[in-house]
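J.: Sequence:
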Amino acid sequence: MRLTVKILQGSECSVNVSESSKVCEVKACVEQALNVPVSSQRLVYKGKTLSAEELGVSDGGKIHLMVKKGEGVTGVPPAPGSSHTPASAPALDFFMQLDSFLGKHLTQEQTDKVVNEFRKNCQLMVDSMNFEDIERFAASNCTKF
Numbered sequence: 001m002r003l004t005v006k007i008l009q010g011s012e013c014s015v016n017v018s019e020s021s022k023v024c025e026v027k028a029c030v031e032q033a034l035n036v037p038v039s040s041q042r043l044v045y046k047g048k049t050l051s052a053e054e055l056g057v058s059d060g061g062k063i064h065l066m067v068k069k070g071e072g073v074t075g076v077p078p079a080p081g082s083s084h085t086p087a088s089a090p091a092l093d094f095f096m097q098l099d100s101f102l103g104k105h106l107t108q109e110q111t112d113k114v115v116n117e118f119r120k121n122c123q124l125m126v127d128s129m130n131f132e133d134i135e136r137f138a139a140s141n142c143t144k145f
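Residue numbering for the sequence shown follows UniProt numbering, beginning at 1 and increasing consecutively.
Among the clues, some could well be false.
Here are the simulated lysine-lysine pairs, DSSO-like style, with alpha carbons at most 27 Å apart [said to hold, decoys possible]:
| # | residue 1 | residue 2 |
| --- | --- | --- |
| 1 | K6 | K46 |
| 2 | K46 | K22 |
| 3 | K48 | K22 |
| 4 | K144 | K46 |
| 5 | K6 | K22 |
| 6 | K144 | K113 |
| 7 | K48 | K113 |
Estimated spans, in silico, between C-beta atoms of each pair [unchecked claim]:
| # | residue 1 | residue 2 | range |
| --- | --- | --- | --- |
| 8 | D112 | K46 | 50 to 60 Å |
| 9 | S11 | F118 | 45 to 55 Å |
| 10 | T4 | V126 | 17 to 27 Å |
Calculated directly from the structure, the hints in this document are not laboratory data.
Just so you know, even glycine gets a beta-carbon here, dropped at the ideal spot from N, CA and C.
Starting from the given sequences, assemble the full structure and let the hints guide the process.
T.: Okay, here's the thing in structure tokens:
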């Protein structure tokens, strides 16, 4: 059976797998086609993360690939006490600009607290978004949630 795997606002590929294929086999095909390590892949079909052994996707189905942040991804160093690493240079620019702006009005300790709290709140918002929310947010040029 033929499946389409698409990265949000990115490339896509088609993979051929048998109907009895497991999720791990599809991830291995995606790794070869899109050069995304299996450990960094989260496959979503009809709004649900594929994590069980059985694939449960029909022939011609479209699977969305969410790339997890982590090893090998460059970006902002984690905030002190933070367990996540934002994965893009624009995030680095934004948080650096926020830090710079707040630094003109607050002490460094206050600035650090505000920036870290803002980072945490942004991450919570992103973590709560489903695929449709992400598509809508991206389509609005990241202006409407």
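J.: Going through the numbered hints above, which ones does this structure break? Give me the numbers in ascending order.
T.: Violated hints: 7, 8, 9; rest satisfied.
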